[in-house]
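Q: Order-wise, the sequence lines are chains A and B. Under our numbering, the first residue of the first sequence is numbered 1, with each subsequent residue one higher. Under our numbering, the first residue of the second sequence is numbered 116, with each subsequent residue one higher.
Keep in mind the hints are simulated off the structure, nothing from the lab. Each hint should be verified, as a subset may be incorrect.
Interface residues of chain A toward chain B, partial, derived using beta-carbon atoms under 10 Å [as the list claims (entries may be wrong)]: (1) Tyr31; (2) Gln37; (3) Gly40; (4) Leu45; (5) Tyr50; (6) Asp56; (7) Gly58; (8) Glu59; (9) Phe90; (10) Ala92; (11) Ser94; (12) Gly97; (13) Ser101; (14) Glu103; (15) Phe105; (16) Gly107.
Computed list of lysine-lysine pairs in DSS-like fashion (alpha-carbon distance at most 30 Å, straight line) [said to hold, decoys possible]: (17) A:Lys11 to B:Lys151; (18) B:Lys151 to A:Lys57; (19) B:Lys174 to B:Lys151; (20) B:Lys174 to B:Lys219; (21) B:Lys219 to A:Lys11; (22) A:Lys11 to B:Lys222; (23) B:Lys219 to A:Lys57; (24) A:Lys57 to B:Lys184.
Here the structure is a predicted model, which means the values were calculated and not measured. We put the beta carbon where it would ideally sit given N, CA and C, even for glycine.
Residues per chain, in single letters:
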Amino acid sequence: DAGITQSPRHKVTETGTPVTLRCHQTENHRYMYWYRQDPGHGLRLIHYSYGVKDTDKGEVSDGYSVSRSKTEDFLLTLESATSSQTSVYFCAISDSGGAFSTEAFFGQGTRLTVV
Amino acid sequence: GQQVMQIPQYQHVQEGEDFTTYCNSSTTLSNIQWYKQRPGGHPVFLIQLVKSGEVKKQKRLTFQFGEAKKNSSLHITATQTTDVGTYFCQLYSGAGSYQLTFGKGTKLSVIP
Chain A
1 DAGITQSPRH KVTETGTPVT LRCHQTENHR YMYWYRQDPG HGLRLIHYSY
51 GVKDTDKGEV SDGYSVSRSK TEDFLLTLES ATSSQTSVYF CAISDSGGAF
101 STEAFFGQGT RLTVV
Chain B
116 GQQVMQIPQY QHVQEGEDFT TYCNSSTTLS NIQWYKQRPG GHPVFLIQLV
166 KSGEVKKQKR LTFQFGEAKK NSSLHITATQ TTDVGTYFCQ LYSGAGSYQL
216 TFGKGTKLSV IP
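Could you put together the complete structure from these sequences and hints?
A: Put into structure tokens, the structure is as follows:
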């Protein structure tokens, strides 16, 4: 498996609290992605990064922010967690993007429950 | 933006039967990738298709890219219980972005 680690793996938090999920890679890949996975919705892109300090929104970005201050780390923050953000979150990395994208490698996932 | 439809959403087969999932795009694709996610696991890359009409095989799995590069299929011959999981197609979303768009997946159940 590619060197990609998500932390924490499981988290329970209360509504209204901020939460930060971390994705760490040792592959030096340029592109990093955060997805959420919910039954019936597949993988939906939250935010992605195409370089250090270069990020952009995905299809379900409301309520989420990201930061990438160095190549290996991509942080996802839920500014004020809501129950609708209960989900499994996956980080993915890729060394190519856009029309020439190749394979993406996924982390093990973070199961977040907002109560 | 890019529209992708993956069908069927669910498929239940008897062990030994064949299985096919389809991925259809609203626009012409530069390439397409396929992934498998086992229950409780994370998506794992299977293959990439690039050329029009391309066919690639991995043991009992056959992947095909349509001639017009707007659709793709994954066919499994003689399913086994180890094939259980959800199969996703992934494609470039277009519009000059770096987004990677996934189909909603086909969940395969194999009855022993």
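Q: None of the hints should be skipped; say for each whether it holds.
A: Results for each hint:
With a cut of 10 Å, the hint placing Tyr31 of chain A at the interface with chain B holds, because the nearest CB-to-CB distance is about 6 Å. Annotation: interface hint on Gln37 of chain A holds; nearest CB of chain B at approximately 9 Å, less than 10 Å. Taken as an interface hint, Gly40 of chain A checks out: its beta carbon lies about 7 Å from the nearest beta carbon of chain B, inside 10 Å. Using the Cβ-Cβ criterion of 10 Å, the hint placing Leu45 of chain A at the interface with chain B is satisfied: the shortest such distance is roughly 6 Å.
Taken as an interface hint, Tyr50 of chain A checks out: its beta carbon lies about 5 Å from the nearest beta carbon of chain B, inside 10 Å. Given the 10 Å rule on beta carbons, the hint for Asp56 of chain A holds: about 7 Å separates it from the nearest Cβ of chain B. With its C-beta approaching chain B no nearer than about 6 Å, Gly58 of chain A sits inside the 10 Å limit, and its interface hint holds. Interface hint status for Glu59 of chain A: upheld, as the beta-carbon distance to the closest one in chain B is roughly 8 Å, under 10 Å.
With a cut of 10 Å, the hint placing Phe90 of chain A at the interface with chain B holds, because the nearest CB-to-CB distance is about 6 Å. The beta carbon of Ala92 of chain A is positioned within 10 Å of a beta carbon in chain B (closest approach about 8 Å), and the interface hint is therefore held. Proximity of Ser94 of chain A to chain B holds as hinted, the smallest CB-CB distance being about 7 Å (cut-off 10 Å). Checking Gly97 of chain A against chain B by beta carbon gives a least distance of about 4 Å; that is within 10 Å, so the hint holds.
This hint holds: Ser101 of chain A has a C-beta 5 Å from the nearest C-beta of chain B, less than the 10 Å allowed. For Glu103 of chain A, the interface hint holds, since its Cβ comes within 10 Å of a Cβ in chain B; the closest pair sits about 4 Å apart. This hint holds: Phe105 of chain A has a C-beta 7 Å from the nearest C-beta of chain B, less than the 10 Å allowed. Annotation: Gly107 of chain A was flagged as interfacial toward chain B, and the flag holds, the nearest CB pair being 7 Å apart, inside 10 Å.
With a C-alpha separation of about 25 Å, the suggested pairing of Lys11 of chain A with Lys151 of chain B holds against the 30 Å cut-off. Restraint check for Lys151 of chain B and Lys57 of chain A: satisfied, since their Cα atoms lie roughly 25 Å apart, inside the 30 Å limit. Using a Cα cut-off of 30 Å, the hinted pair Lys174 of chain B and Lys151 of chain B holds, with the two alpha carbons roughly 15 Å apart. Taking the CA atoms of Lys174 of chain B and Lys219 of chain B, the gap is near 25 Å; set against the 30 Å cutoff, the hint holds.
Using a Cα cut-off of 30 Å, the hinted pair Lys219 of chain B and Lys11 of chain A holds, with the two alpha carbons roughly 25 Å apart. Of the pairs offered as hints, the one joining Lys11 of chain A and Lys222 of chain B holds, with about 26 Å between alpha carbons and a cut-off of 30 Å not exceeded. For the suggested pair Lys219 of chain B and Lys57 of chain A, the alpha carbons sit about 19 Å apart, so the restraint of at most 30 Å is met. Distance restraint check for Lys57 of chain A and Lys184 of chain B: the Cα-Cα separation of roughly 27 Å lies within the 30 Å cut-off, and the hinted pair is therefore satisfied.
Consistency with the previously given hints is maintained throughout, with no hint failing.
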